[in-house]
Amino acid sequence: MSKFLFTFAKIFFIAMKKSPTYFLSFTLILISILVACDKFEPMGPEESELLDGPIEGLSNSESKQFLDGDIAFNDDVFTSQNGLGPTFVATSCGSCHAGDGKGHPFTTLTRFGQSAPGTNMFLKQGGPQQQNRALPGFEPEQIPEGATFSKLTPPANTGLGFLELVSDADLLDIADPNDTDGDGISGIPNWIEPPLYIIPTVNAIVQNGKYIHRFGKKAAAYNLMHQTVNAYNQDIGITSVFAPIDVFSGLEVEPEVDINTINDVVFYLQTLKAPIPRNQNDAEVIQGKNIFNQINCTGCHRPSLKTGYSSIAVLSNMQFNPYTDLLLHDMGSGLDDGYTEGNAETYEWRTPPLWGLGLSPNSQGGEYFLLHDGRAKSIEEAILLHGGEASRSKTQYDNLEQADQSALLKFLESL
Amino acid sequence: MNLKQLQFLIFILLSNGIVIAQIDSTLLKKVQQDTVIGMNMDAVYNRPFIDVGKFPVSLGGYMEMNWQHLGTDGISEGHQFQARRLTLFVASTISKKIKFLSEIEFEEGGKEIAIEFASIDVELLPLLNMRGGIIMNPIGAFNQNHDGPKWEFTDRPISATQMLSATWSNAGFGLYGKYYSKDWMFGYETYLSSGFDSSIINNPENKTFLPASKENSERFEEGNTLFTAKLGLLNNSYGEIGVSYMGGVYNTFEEDGIVLDKKRRLNVFAVDFNTTLPKLNTFITGEWAWVKIDVPATFTQQFGNKQHGGFIDIVQPVLKRKILDWDKAVVNLSCRLEYVDWNVGRFNETYGNIGEDLWSIMPAISFRPTQQTVIRLNYRYSSQSDILSNPPSKTAGFSLGISSYF
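Residue numbers (our numbering), protein chains in the order written: chain A, 30 to 444; chain B, 5 to 410.
Chain A with its partners taken away, still in its complex shape (with noise of 0.2 Å):
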């Protein structure tokens, strides 16, 4: 290293003393390119065009658990070594969340064996997940005969802490089971008994030992707890101390994710930003979310709600607009896939939020695979794939002029 060092002394001596206007030239370039060396960088997407990203105003404490997770999350990649499998459907959480937007068909996973409200008989044979991958020398699961399944496209991560902070009260006023505003739609809570592990908000609602239950498809998480250590052990083949079977020995084995990373995901997922509606001005825009509400897309798809109290000071008591309800509803023959989970219907399917909607083509390859299973290609496809309490809505969209319709598409693609 000395001898480095002598060199680079000898270059600069002998240059100042031999050429210094070539040699100052050459400094200058080289301090230009130090000072600015930034402006050669290349920026970043708009922050509104991200779906990734911290929630404004953490602490620096929080800003680091929220790193922490975002590494465990997006680059914790899992191989035989570190427990992966021997079957699974990822490798890694991020695998299925591309920039925490929706997932693709390449990552779609199947669950399978409830074909009615309670409980799934295929537990005992691999439900209700497939793992339909596995490592070399293995062979990935079957879907046992006999079993009803749906395919499942992931959904996207952003604003889940803002969802999960809904309380239960505001959800049961939302709730309409009887139908008694005569509009068509319902809307009901999964209420299930939620494992051991979970512990329930304070202000939770029980109801002979269950629980509402809001996240997956089928509203069949209780938060985002729940859904990340099902999403470690049914996806990825990760036990952890609070789902200590391994999936394809159906043995208990040593967890092979602490508790520290999974509550760092959690902490990532609560505290992942909401995403940010573009061009709101836009007289178009502005039309579409008109149309929006008149054809009564908003019964279901709730523009706004608020969260409880939390211990994370940003997301404590905000109005926030998913545009979602949390709650079930029927959705008529055609997504009806004859599989179920918790207590909720085979055609029933929980409002999945529409906020990010704009973005999805960006974590689904350039494409739109919407609805549950990524069935339809476009959001128009989408609506006009709803049916049942959605069918007076559908109904009016197809009815709608050419323009109007092109207006509500582009409300939807701003959120």
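These are computed hints drawn from the structure, not numbers from a lab. Quick reminder that beta carbons are idealized off the backbone N, C-alpha and C, glycines included. Among the hints, a few may not be true.
Unchecked claim - Per the computed footprint, the stretches of chain A lying under chain B, defined by three or more beta-carbons under 8 Å from a beta-carbon of chain B, are:
1) 56–69
2) 122–133
Unchecked claim - Lysine-lysine pairs mimicking DSS-like chemistry, simulated, CA-CA at most 27 Å apart:
3) A:239 to A:335
4) B:398 to A:93
5) A:302 to B:398
6) B:398 to A:68
7) B:101 to B:58
8) B:218 to B:310
9) B:154 to B:182
10) A:180 to B:211
11) B:267 to B:296
12) B:283 to B:324
13) B:211 to B:398
14) B:266 to B:296
Unchecked claim - Distance ranges between label pairs, derived from CB positions:
15) A:100 to B:286: 42 to 50 Å
16) A:410 to B:281: 51 to 59 Å
17) A:406 to B:242: 51 to 59 Å
18) B:78 to A:109: 34 to 42 Å
Since chain A is already given, all that's left is putting chain B on it; use the hints.
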């Protein structure tokens, strides 16, 4: 770095100090390089060495040090100072037709220490030489010809280092030889060595990644067999072209006689070339490789069964004269173009193209006060898409480095 590595490092450094303290520098003599134009296969011996009097061992090495400032999608890594590598060569002519050469590399300030090359070469006939030891598999050109001071760029080519696993060496034996006729030279190399393992499709990179096998130090004692062969043809006027192949079973298909999986093969083909354009003196070098791997259909397409990629360097000397105190100083303008598709194919689910493409362009200006030392300033602009072909991440920035043989 474990204790043994630390002790070894201290031993090397102290030994170096002792040598410097005890030997009269007037006894040190640079070994003249072969005046015949060498082929790529000669790269390991085509290096400057220092002879110490009549001491039968020649010493050499090189070092690389970089500064870089890179940013990706608006997030800058800031100023980074990198002690990339320090490499020591020890060569010895054991007898007229038996030679020994070793190359020990310390990377990232000693974090990684590896014997990259250590072989005994025995000349049986001019066209038939035997080599045994830790050999560098001759796939493409860069794997054998990777010394930092030879290149105008602070970074090694991505396709050569991350797709083809440079600097990839294994315990093995082989034969090589060269044939000359007027302006033509033909060379061949063929080796049997230890090889890859299952980590190439089971690694934290989340993609098929041949260099993952470099982590497996067991390969110097046991493991799968890898066959490597290369043919090279050089014309003094037109340049050199090489075609190479590397292949073998990569997975642990049985253990203790118990069958665990079927035998799965890896096949790699590469073409490399280099030439100097007459009159302009533009030096052009590049290589392109294709990787095919038998990945079980029941595994995940995250780990692709095909990859391809390569690079081309164009180096134009623009100034060749006495600069400052150096009589034969050279200033070069250069550019490297790179492309790698980490996962060639289509998704089973959608039949859409699998992404994971990377391209990079890297203009450079370099100053060579002597042939053996280079100071280089690079600007890289690269784009990397994910497996789904979502909008790619863009990385760009400057790097400045010095690299020299010593």
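Checked hints:
Under a criterion of three residues with beta carbons nearer than 8 Å to beta carbons of chain B, the stated coverage of the segment 56–69 of chain A is upheld, 6 such residues being counted. Against chain B, the segment 122–133 of chain A contributes 4 residues with a C-beta closer than 8 Å to a partner C-beta. That satisfies the three-residue criterion, and the hint holds. In summary, the hint linking residue 239 of chain A to residue 335 of chain A is supported, as the alpha carbons are separated by about 23 Å, within the 27 Å threshold. Between residue 398 of chain B and residue 93 of chain A, the direct Cα distance comes to roughly 25 Å. Compliance with the 27 Å bound is thereby established for this hinted pair.
For the hint linking residue 302 of chain A to residue 398 of chain B, the alpha-carbon distance of about 23 Å falls within 27 Å, and the restraint holds. Using a Cα cut-off of 27 Å, the hinted pair residue 398 of chain B and residue 68 of chain A holds, with the two alpha carbons roughly 14 Å apart. Between residue 101 of chain B and residue 58 of chain B the CA atoms are separated by roughly 18 Å; this keeps the pair inside 27 Å, and the hint holds. Under the criterion of a C-alpha separation no larger than 27 Å, the hint pairing residue 218 of chain B with residue 310 of chain B is consistent with the structure, at around 20 Å.
Restraint check for residue 154 of chain B and residue 182 of chain B: the C-alpha separation of about 23 Å stays at or below 27 Å, so the hint holds. Proposed proximity of residue 180 of chain A and residue 211 of chain B is supported: the alpha carbons are some 25 Å apart, at most 27 Å. About 14 Å separates the Cα atoms of residue 267 of chain B and residue 296 of chain B, which keeps this hinted pair within 27 Å; it holds. Distance check on the hinted pair: residue 283 of chain B and residue 324 of chain B sit about 14 Å apart at the alpha-carbon level, within 27 Å; holds.
For the suggested pair residue 211 of chain B and residue 398 of chain B, the alpha carbons sit about 19 Å apart, so the restraint of at most 27 Å is met. A hinted pair counts as satisfied when its Cα atoms are at most 27 Å apart, and residue 266 of chain B with residue 296 of chain B qualifies at roughly 17 Å. Checking the proposed 42 to 50 Å range against residue 100 of chain A and residue 286 of chain B shows it holds: the Cβ atoms sit about 45 Å from each other. Taking the beta carbon of each, residue 410 of chain A and residue 281 of chain B are about 56 Å apart, inside 51 to 59 Å as hinted.
The hinted range of 51 to 59 Å is satisfied by residue 406 of chain A and residue 242 of chain B, whose Cβ atoms lie roughly 53 Å apart. Separation of residue 78 of chain B from residue 109 of chain A is about 36 Å and conforms to the stated range, judged on CB atoms against 34 to 42 Å.
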